[in-house]
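A.B. asks: Could you build all of it, start to finish, from the sequences and the hints given here?
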Amino acid sequence: NLASSFALNRNLSSSISEGSGGGAEKATEELLSLPEVEKILNDVGADGVKVIQAPKRCEFTDYIVVATGRSPWHVRNISQALIYKIKQKQKGAKRMLLPTVVGQEGGKWIVIDSGKLIVHAVDEKARAYYNFEGLWSENNTNTDHHYQELGKAFVKIRPTRNNTKRR
Amino acid sequence: MIQVQTYLNVADNTGAQKLMCIRILGSNKKNANIGEIIVEAIPNMSIKKSEVVKAVIVRSTKGLRRESGMAVRFDENAAVIINNDRSPKGTRVFGPVARELRDKNFAKIVSLAPEL
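Residue numbers (our numbering), protein chains in the order written: chain A, 1 to 167; chain B, 1 to 116.
It is possible that some hints are incorrect.
Claimed, not checked - As a list, the in silico DSS-like pairs of lysine-lysine whose alpha-carbon atoms are at most 30 Å apart:
(1) A:K125 to A:K94
(2) A:K116 to B:K89
(3) B:K62 to B:K104
(4) B:K29 to B:K54
(5) B:K29 to B:K89
(6) A:K156 to B:K18
(7) A:K125 to B:K54
(8) B:K54 to A:K108
(9) A:K108 to A:K89
(10) B:K62 to A:K108
(11) B:K104 to A:K125
(12) A:K125 to A:K91
(13) A:K125 to B:K89
(14) A:K108 to B:K18
(15) B:K29 to A:K50
(16) A:K116 to A:K87
(17) A:K89 to B:K104
(18) B:K89 to A:K50
(19) B:K104 to B:K54
Claimed, not checked - Reference listing, derived: stretches of chain A covered by chain B, where coverage requires no fewer than 3 residues with Cβ under 8 Å from a Cβ of chain B:
(20) 65–72
(21) 95–109
Said to hold, decoys possible - Which chain A residues stay away from chain B? Per the calculated CB distances, all over 12 Å, these:
(22) L34
(23) I40
(24) G45
(25) V49
(26) V51
(27) T61
(28) N77
(29) G92
(30) K156
(31) P159
(32) R161
(33) N163
If you're looking for bench data, these hints aren't it; they were derived computationally from the structure. No residue lacks a Cβ here, since even glycine has one placed at the ideal position from N, Cα and C.
C.D. replies: Next comes the structure, spelled out in structure tokens:
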């Protein structure tokens, strides 16, 4: 019994014939809750942590967290800290449910995908290159706004550091 | 079902416009579907023309079948150019992508995609 609802033709001449919704999520409860993630990112010293509520087009997740690392090692450390916390939480369980980590080898952009919560750990260059804020802001339709970016292109913003070892 | 000599559209903003598959990586198969990495040639503009790059198929006219019985088909074959650690070379992805990419460790492309 397929509940088929045909989508309208998109402007890129692709038409999808699909039923309602996509694949179900792997686990109904979260591996890590949002305040816990924020606390870990703060402890690790990640800069520029931003929590974005997933826009409507991203139905596969609820929250997107973007965090910046200062170096490839730091970015890998962020992802390992989150995984460590998840493992600790699930200690003693019969089976551990671990998130998917994409990009662990190169420390430029690591995605930790745990169903409802996706954490992107990037380094500063990658963050500027991919421009995540522009991508997931509410009124964006995934088109490039060249005029706006040019205005900001020559402004140097000093990033704020979340560094515990202050000189 | 993308095989050697298949022309694909490009679904990102790298500047390339057409890609031709010259090999399917990772296995000795003849056909590739969504989520497989292939090696491409003949792009345009910002990537140099006739450069060999890796790309992952995100849309195919053959489509997929999910375990629930639902079938997904697209009107074109499209790919996203990636580099060796599976992150896309461009900054944006255009058009819908199949949801199965997430399970095949392409969460980066899925998170850049406008719709699923």
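A.B. asks: Can you name, in rising order, the numbers of the hints this structure does not satisfy?
C.D. replies: Violated hints: 1, 6, 10, 12, 15, 20, 27; rest satisfied.
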